[in-house]
Amino acid sequence: MYGWGGRVIYIDLSREKVVVQPLSETEAKMYLGGRGLNSYRLFKMVKPGIDPLSPDNVLCIANGVLAGTVLSMTSRTEISSLSPLTGILGDGNAGGEFSAILKHAGYDQIVITGRASKPKYIWIEDDTVEIRDASDLWGLKVGELVDTLRDIHGDDISVAGIGPAGEHLVRFATTMIDKYHSGARGTGAVWGSKNLKAIAVRGTKGVEIADPETFYKLAKEDEEWFKKNEFVQKIYKVIGTHYGLLAWYPGWRYYEKYLGPEDLPEGIRPPDFAKYEVGRTQCYSCPIACKDVYKLPRWNEYGVASEFESIFALGANNAVTDTEAVLKMEHMADEYGMDVITLGDTLALAKFLYEKGIITDTDTGGIPLRWGDAETQIKLIEMIAYREGFGNKLAEGYRNFAKIIGPEALKYSYDVKGLSRGWYHVDFLNGIFTLAHATSTRGADHLRGRSWAYWENDINMDPELVKKLLEGGLPDYRKDPVGALIVSERACTLTDSIGRCKGSINTWPQAIPLVWKYPLFKGLAKLLTAATGYEFTEEKLVEIADRIYLIEMAFNVRQGIKKKHYAVPFPPEIINTPRIQAEIKRHWEMVDEYLKRRGCDVETAVPKRETLRKLGIEWVADEIENKEFPEWDGPPLWSLDKYPHGR
Amino acid sequence: MAHRYILAVDYEKCTGCHLCELACSIKHHGVVNPYLSRITIITKPEIQASAPVYCLQCNDALCARACPANAIYFDEKTGAWLIDYNKCIGCRECVYACPFGAISLTVKAEPIKCDLCGGDPECVKVCPHDAILYGPEYEVVRKLKKGKAVGIVYEVLEKGVEVPAGNRVKDAEEAVKTLYRIWEERKKLNI
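One line per chain: the protein sequences are A and B, in this order.
If you number the first sequence the way this note's numbering does, the last residue is 649 and the count never jumps.
If you number the second sequence the way this note's numbering does, the last residue is 341 and the count never jumps.
Honestly, the hints are just simulated from the structure, not real lab data.
Hints should not be assumed to be uniformly reliable.
[Stated by the list, open to error] Straight-line distance between alpha carbons at most 20 Å, and here's what the computed SDA-like set of lysine to any residue pairs gives:
1. B:163 <-> A:234
2. A:277 <-> B:258
3. A:470 <-> B:163
4. B:337 <-> A:250
5. A:610 <-> A:583
6. A:207 <-> B:258
7. A:566 <-> A:606
8. B:258 <-> B:274
9. B:337 <-> A:156
10. B:338 <-> A:478
11. B:338 <-> A:566
12. A:565 <-> A:604
13. A:46 <-> A:472
14. A:120 <-> A:143
15. A:207 <-> B:181
16. A:528 <-> A:232
17. B:338 <-> A:466
18. A:207 <-> B:337
19. A:644 <-> A:358
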């Protein structure tokens, strides 16, 4: 097979069995790879209602059809499973080198089931796939883990693995790739529950391209755009996602307010972080290098990639403005393997509840929770990773933590389907922003229905392109937010499925290659045709994107997601005011419109049989039609003493 | 006499993205595979510190000297040492002889080395950071000198490249100013 690696690895850890099978041509054409292939595989393999931390859960790791090719930024690994954090579909998309190197070894996906009796790691070198003993690796922090495996296997390998947080089943533990790239939604805890510490891979086979000349020509054209773009060259290369601090309104003190560019306090402005920066780095085949390498004199440590999200969640939202401490916390999250957004939001929620008196010193074990107290926060992060004391409760993650505290606390959990990105007024960006949170298939999240939502402050948007696209009949979010969102959800789904980065710049022209050549997905269709030798068209790509999205919706229906879970969160103090009630009414109107256009039942939010038939997946309807699934209320939680504790 | 053209890498600018490897392999072999590249980037992916390994096109090339079949010859036109595969016997002596490890082997144990793409190197074109230089000797060497002269202290493969913090803060402030400027311009466009 051209483009694809052409093989899938199935590993049953309970029986220590490895089976390598060819990737079916039909599956490849229907789901492309990456997120598409993972979501499909999970729908097929995960039985509804299982415990995400049980051996029944399935861990899928896939790279995407264009991963490891000469098209730049094709270095994203998609890690999917039933999420222990949210209890619905959970997938994380991480950078690093893993994706490309796995492709160079000739694989498109790794599917892991069961649970090993002892800690294991997996070694992949081209045709060799081995399950190896990892007793010596268990307990290592992510940096030490990667260094140890490099000592064993050489420095041209890539490592995906977990840190202590994953081992301790922290529900927002992440899969860490090459030390500093993280795939969230609690996938790290799934590795831990399977006694799997790491996967190391070396690949020397490379990728075969059907029409290398055309493909390379297109890839070069694509790269040219970045070389010429002023934003990329003068801002993004210099401060990376830190520019988001000025453009994306970070939440302050548990979303008490949102900071505009002029409100940003001293200590967390982009130039403050430059003081600690010693270099810049990037993922495989990226021409931008958006990640900073920083040095922490106070701790004599080096860290990488202090992104906007870590500064906003661990810094601003907790009112911490000590630059070096924010960087230290980000580095700790990398080392222990935790998601910075859920970590920061959970800490901020705890502080907020403490201030309100909903939790007290009895709950926290005598630890005072104060805004801006960096020292305590650093201590708490360590306690969470090892599930010590109060950290054990916090390690359950955002909504689950609030649920343990009680209904009073749950009112302040600003989540959609268990995941939080704060609360926003529906009129913000004409409703598209909140709608995107509500319709995301992994819970409130900024990357599922990205970027149309950022239109107005998306300074990288090429104005000429925007004009062209609008003239060509593309929905304008100011007139048709629902239509605009569906288009951007398609764009994000395709990006995740070809294995390209959409996080490195906050805009989708770079995510969908050659998009500036109207119409929308024509460039991508050309690239895929050249890479694989199969005929792809713009219409086919739209169909693929919708197929993947609906299969994800169907997965969540089986997990008990009902229409009411498309609600957007508001603080209880204002929810009954006329303004908010009017906003909520408008939101539900948009949800109805969205479900209608997506081909779902407007009353139940279940994908209709005829829609699924049109997309060639009618068998999905058999799984969800006329069936009762218990209503979703987060993942099943364990009693707190059942988890591993301490180090 | 015309100036000889050389290819060189400015280590400080290389961030280790591997795009040159991928471009080199697709150009020469029609597949994407860094192991089939004539330039190799030895790097720690998490830090900006990489050591590109590439053919320096030596004046007195040890690979050519070591070749028992006299298959390696100098191409006056491009300034590159080339392999005549009609003569090559696949003994790998050239690989061992090269002091820089710049000659690779394909799976068929054919030696492969940089041919400067016939005078138009692909890696130079693809490099997003302009770290790979190609041009007349005097010009390339001058550019390299400039790179060293900014006073960068670095330990390759240990700590990464450390640029004095002051410069970076200035750069960041400059980036913020650019951001505000583009914002203003964008407002006027009224899309």
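Here is what the structure says about each hint:
Restraint check for residue 163 (chain B) and residue 234 (chain A): the C-alpha separation of about 16 Å stays at or below 20 Å, so the hint holds. With a C-alpha separation of about 50 Å, the suggested pair residue 277 (chain A) and residue 258 (chain B) falls outside the 20 Å cut-off, and the hint is violated. Using a Cα cut-off of 20 Å, the hinted pair residue 470 (chain A) and residue 163 (chain B) is violated, with the two alpha carbons roughly 36 Å apart. Straight-line distance between C-alpha atoms of residue 337 (chain B) and residue 250 (chain A) comes to about 17 Å, which keeps the hinted pair within the 20 Å bound.
Distance check on the hinted pair: residue 610 (chain A) and residue 583 (chain A) sit about 30 Å apart at the alpha-carbon level, beyond 20 Å; violated. For the suggested pair residue 207 (chain A) and residue 258 (chain B), the alpha carbons sit about 13 Å apart, so the restraint of at most 20 Å is met. A distance of roughly 9 Å separates the Cα atoms of residue 566 (chain A) and residue 606 (chain A); the hinted pair therefore holds under the 20 Å criterion. Restraint check for residue 258 (chain B) and residue 274 (chain B): the C-alpha separation of about 27 Å exceeds 20 Å, so the hint is violated.
Of the supplied pair hints, the one linking residue 337 (chain B) and residue 156 (chain A) is violated, its CA atoms being roughly 52 Å apart against a limit of 20 Å. Between the alpha carbons of residue 338 (chain B) and residue 478 (chain A) the distance comes to roughly 19 Å, so the proposed pair stays at or under 20 Å and holds. Of the supplied pair hints, the one linking residue 338 (chain B) and residue 566 (chain A) is violated, its CA atoms being roughly 42 Å apart against a limit of 20 Å. Distance restraint check for residue 565 (chain A) and residue 604 (chain A): the Cα-Cα separation of roughly 8 Å lies within the 20 Å cut-off, and the hinted pair is therefore satisfied.
Simply put, residue 46 (chain A) and residue 472 (chain A) have alpha-carbon atoms about 39 Å apart, too far for the 20 Å limit, and the pair is violated. Between residue 120 (chain A) and residue 143 (chain A) the CA atoms are separated by roughly 18 Å; this keeps the pair inside 20 Å, and the hint holds. With a C-alpha separation of about 9 Å, the suggested pairing of residue 207 (chain A) with residue 181 (chain B) holds against the 20 Å cut-off. Of the pairs offered as hints, the one joining residue 528 (chain A) and residue 232 (chain A) is violated, with about 26 Å between alpha carbons and a cut-off of 20 Å exceeded.
Distance check on the hinted pair: residue 338 (chain B) and residue 466 (chain A) sit about 14 Å apart at the alpha-carbon level, within 20 Å; holds. With a CA separation close to 50 Å, the supplied pair residue 207 (chain A) and residue 337 (chain B) exceeds the 20 Å bound. With a CA separation close to 30 Å, the supplied pair residue 644 (chain A) and residue 358 (chain A) exceeds the 20 Å bound.
Of the numbered hints stated above, those contradicted by the structure are hints 2, 3, 5, 8, 9, 11, 13, 16, 18 and 19, listed in ascending order.
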